[in-house]
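Per the working numbering, the very first residue in the sequence shown carries number 1011; after that it's consecutive.
Treat the hints loosely; a few may be bogus.
Pairs of lysine-lysine, DSS-like flavour, derived with a Cα cap of 25 angstroms [as the list claims (entries may be wrong)]:
#1 K1399 - K1388
#2 K1399 - K1252
#3 K1252 - K1338
#4 K1172 - K1235
#5 K1399 - K1203
#6 K1220 - K1252
#7 K1172 - K1338
#8 K1203 - K1235
With beta-carbon atoms standing in for the labels, derived distance ranges [what the hints assert, rightly or not]:
#9 D1313 - D1140: 19 to 29 angstroms
#10 Q1232 - D1299: 23 to 33 angstroms
#11 Q1226 - N1340: 21 to 31 angstroms
#12 L1263 - Q1409: 23 to 33 angstroms
#13 K1172 - S1144: 26 to 36 angstroms
#14 A1321 - S1182: 15 to 25 angstroms
#15 E1259 - S1141: 32 to 42 angstroms
It should be emphasised that the hints constitute simulated quantities derived from the structure, not laboratory data.
All C-beta atoms, glycine included, are put in the ideal place defined by N, C-alpha and C.
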Amino acid sequence: MPRGPWRPLCLCLLLLLLLLHPCAPDGPGAARLGEGAEEPGWASLWPGLQHLQQQLRTAGALSRRYWALFSCRVWPGECEEDEVAATPLGWSLPVLGQQYVDKLAAWYCRFQDCCDSDDCRISNNFTGLDSDLSVRLHGQHLARELVLRTVRGYLETPLPDKALALSFHGWSGTGKNFVARILAENLYRDGQKSPCVRVFIATIHFPHSKYVDLYQDWLLGQMQKAQQRCRQTLFIFDEAEKLHPELLELLRLQLEHRAPEKPDARPQRSIFVFLSNLGGSAINQAVLDLLRAGMSREEITIDHLGPTLQAEMAASPGSSFGHSHLVKENLIDTFVPFLPLEFHHVRLCARDAFLSQDLAYTEETLDRVAQTMTYIPKEEQRFSSQGCKSISQRIHYFQP
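Whenever a hint applies, use it, and build me the whole structure from the sequences.
See below:
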């Protein structure tokens, strides 16, 4: 329930939603107030009063359902799912009413803390995660398999002894950021806007090496704040290859194994996702060699790419990430290679871009959009050099 003076206001606003609902349908024999006016006394009013009483009961049930829906938006820990699922007296919540509930909840949360518990917005929707990685992500069967299996296994472990660390590697535009966003959307109701999720971009949040001491204090404070609020946190580090060595050392302390927690203690889970272009060229060359040798794309496994990726990281002189204790001490649980995208993957990205903006397209249009991309190697024109990056901006030039 709302705290303080906000509760009466919220109740009043929710009751106004009743005005949005159409009147309940009358039964075949339902009497209306005023029918039979020729009958004397209370006999003429009784059918109408019965009908009014039924409508008031229905309105009360509907208001309780609106309130339950609002509570589920604002305080999921107290969510009355049975109340929301029930359909009182043949009524159903209109779409417009649900939209107003969502707007009211969003407005309320601007002034109040909407979570009674620190982590009430955690959803861990593994079915949705599987579906999104299968349908929305194109050309990355390894990422789909590795991310789903690793994340689900970690979150279903009763007492994990360390944080989970995933490292995504591949060329720009292959889907690394997209998978990180899909992960946040399915683990938390508010996606990357959740207070349990923090996104750090090396060149934006930590651009100057001379301020690394300040960055360390700030980063540690951000992580601790999230971990104090949520029993399950997600930290995403974009452009990880550009992180300062002292920041990587700070992260090493977060990823080290820790003593098992007491059986009655609330387990603390943290997932660290590192996004990097490091190793992208080695992945592309390995995939190209395998395809030239007659192997199909879907037959490529992590065993084919894992050693190549780690060798490339170790041989990269300009990257502190590849030489950090995170890698040397095997604190990264899973390295996830993102394969270079081919022409038909770019077409699928173009189709998704048209659909997301509710724009019409034809198969010929998708071909034309995909053909504007640059493909390598020059003699084979097999892989998109930018992946699917910039596709959403290009489609406006090719509307039929």
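Against the structure, the hints come out as follows:
1. K1399 - K1388: The given pair, whose Cα atoms are some 19 angstroms apart, holds under the 25 angstroms limit.
2. K1399 - K1252: holds, 21 angstroms
3. K1252 - K1338: It holds: about 17 angstroms lies between the C-alpha atoms, which stays within 25 angstroms.
4. K1172 - K1235: holds, 18 angstroms
5. K1399 - K1203: holds, 23 angstroms
6. K1220 - K1252: holds, 14 angstroms
7. K1172 - K1338: holds, 17 angstroms
8. K1203 - K1235: With Cα atoms ~15 angstroms apart, K1203 and K1235 stay inside 25 angstroms; holds.
9. D1313 - D1140: 19 to 29 angstroms: Given range 19 to 29 angstroms: holds, Cβ gap about 23 angstroms.
10. Q1232 - D1299: 23 to 33 angstroms: violated, 42 angstroms
11. Q1226 - N1340: 21 to 31 angstroms: holds, 23 angstroms
12. L1263 - Q1409: 23 to 33 angstroms: violated, 52 angstroms
13. K1172 - S1144: 26 to 36 angstroms: Holds, at about 29 angstroms.
14. A1321 - S1182: 15 to 25 angstroms: 21 angstroms Cβ-Cβ, so the 15 to 25 angstroms window holds.
15. E1259 - S1141: 32 to 42 angstroms: holds, 38 angstroms
The structure is inconsistent with the numbered hints 10 and 12, although it conforms to all the rest.
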